[in-house]
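Assemble the complex: chain A is given as a structure, and chain B must be docked to it using the hints.
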Amino acid sequence: MIASIMRVARSVATGLLRSTTFALCALIVPACIALLPVLAALRLLGSPWSWSNPWSWAALAIITAAVTLALAHPVATLFRRLVRRWTGIELPDGYRQRPEPVRLATGYWWNGSSYERTRDDAHSDQRMRRAAEPAFWREVLWMPVAAVTVLPVCVAPAAALAGAIVLCLNPSPLAVVAALLLVVVACAVVGVAWRIVPPLGRRLLTGTPASDTERGLREQRADLTAAHDAEIRRIERDLHDGAQSRLVAVGLDIAAAERLIGSRPDQARELLRSARLGTADSLNQLRDLVRGVYPPVLVERGLVPALRALALDSPLPVDVAGPDDLGLASPLAAALYFGVAELLTNAAKHARASRASVTVARQREHVDVVVHDDGRGGASFSDGGGLDGVRRRLAVFDATMELDSPSGGPTTVTMRMPCE
Amino acid sequence: MRIVVAEDQFLLREGLVRLLQAFGHDVVATAATGPEALVALLEHRPEVAVVDVRMPPDNTDDGLRAALAARAQVPGLPVLVLSQHVEHLYARELLADGNGGVGYLLKDRVFDDEQFIGSLERVASGGTALDPVVVAKLLDRPQARLSALTDRERELLSLMAEGLSNSAIAERLHLSEGAISKYTTTTFDKLGLAPDDGTNRRVMAVLAYLGDVDR
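One line per chain: the protein sequences are A and B, in this order. Quick note: the first sequence uses our numbering, first residue -9, plus one each step. Quick note: the second sequence uses our numbering, first residue 320, plus one each step.
It is possible that some hints are incorrect.
If you want a taste of the chain B side facing chain A, the calculated C-beta under 10 Å gives, among others [claimed, not checked]:
1. 344
2. 345
3. 347
4. 372
5. 377
6. 380
7. 381
8. 402
9. 406
Source of the hints: derived by calculation from the structure; they are not laboratory data. Every residue, glycine too, gets a C-beta built ideally from N, C-alpha and C.
Isolated chain A (complex conformation) (with noise of 0.2 Å):
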């Protein structure tokens, strides 16, 4: 009896703190309205406030809308957070995740949106690119709207109460049975009341798909800029400092040999026997970089024979088992192969394990590459690892990855790839 009577006084004394805070919260915009009196008891002190001067609405207008536009944000954020932790239901705020800005080739900082002359160029670029947002201008539009809707519903609890006791201030037998009433209206609502809110906020408080898709391809667009643009430098520098300058060497060789064979033979011969070597040399490194950006047997088999001679090329025993013929276009196979290849060299490295299998399969719609190994497990996504780059470069693709790693092994890693 007695602990059912707690249960209910602690639920009505929830439900009080609930509705009262959301009704706070959403008492800021009709607090600036309050602000009325304020600016009255400033006309009587000699300001130029008053009802008949126009100029006074505006400034309060101005006002309102200074605080609105500034606590809008903040104002919403708790909103969230309260109902998160109420309710576990997430509202997701619909802004648009800004990449870290990262700095070009060019010289530029791109920051996920555009090229700006410096880092901090580029950081303020991202937040005015906020302010301009949808999920911004919801945020505002919330404040009023909590104001006439969320506020009156979750002051209701309370108002009541307030307005029993201060009925019962001066008893009278009609004050008394108006005060009972209005208790029991307040715990009628005090469990629902503050419910209004989840709802409301899942319809004006959170992005639409249309703008999670955008946002989703804004960052594929980020990353694969940058990840080309890596790839590009790397390339140029490769030949640059590679087979560039090494056959500049062979010609000086060879002009030497042309100038020394009338003369000195031996020496010539020599030169001869260098420029070769330095030809040899050019192609080991053109051939290494041909490989980091399309690997050959890709081009001549297919994916599967690649993974295969992949596979023979760690220093782990890898089983591949597939069909040789997948028909998947070039930069699908691509991307899952330099995925497999960064998984295998994690599990030789990282993951210490003993074999490895990886297994890909044609489905109607889409090609799964599972990739298993027997090591120590423990691998995640942390940012700005390879597995979080394979996972980005797949994503360009809208192929997703699945992580199966407990502390102690064995390691499973999905990668499912759509292709018509």
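Coordinates of chain B only, in the frame set by chain A:
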């Protein structure tokens, strides 16, 4: 020797022909595509063929496929495959029939003309010539079936995979030919290769080294 050259790039093809002629060989036919190569190989039955892996019409591994198809019809037809890159996978495919008479080298090996002609002659006489790059990659791989071998026997096997003869190996390792043939016998025994089952034991040993033979 009567040689067929299959290479799609004109300059390289002419260069190869000139090089072979300079060494006194007879180039009986040239081919610039995979299907042409297959026809030339089957029609001329050369003593050895030099075939590029990547050729038209698909510009994938047409040359390699032509060589494998020709060897399927004429077992042991000697083929030296040249490529811009060497793959363990392709080496295994070439050696898989166990007949010998195959080589697989990087194109740059032609720079060292004498060694290149040496490899070509070895292939023509039924031996093998694997590029040192393939062999070096293999050395890095721990393989259960090779764990019984001593370091010296592994070394021997890797030189055998490159295609060197016993006397050449003896010279490389500064050992007598007698010692080499003794090591060769123990290596064959450890790999379970019987002396008289009608296959080329040197090729089979190399295949074992490539990790492909289940016997």
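Checklist entry - Which earlier hints turn out false for this structure, listed by number in ascending order? => result Numbers 1, 2, 3, in rising order.
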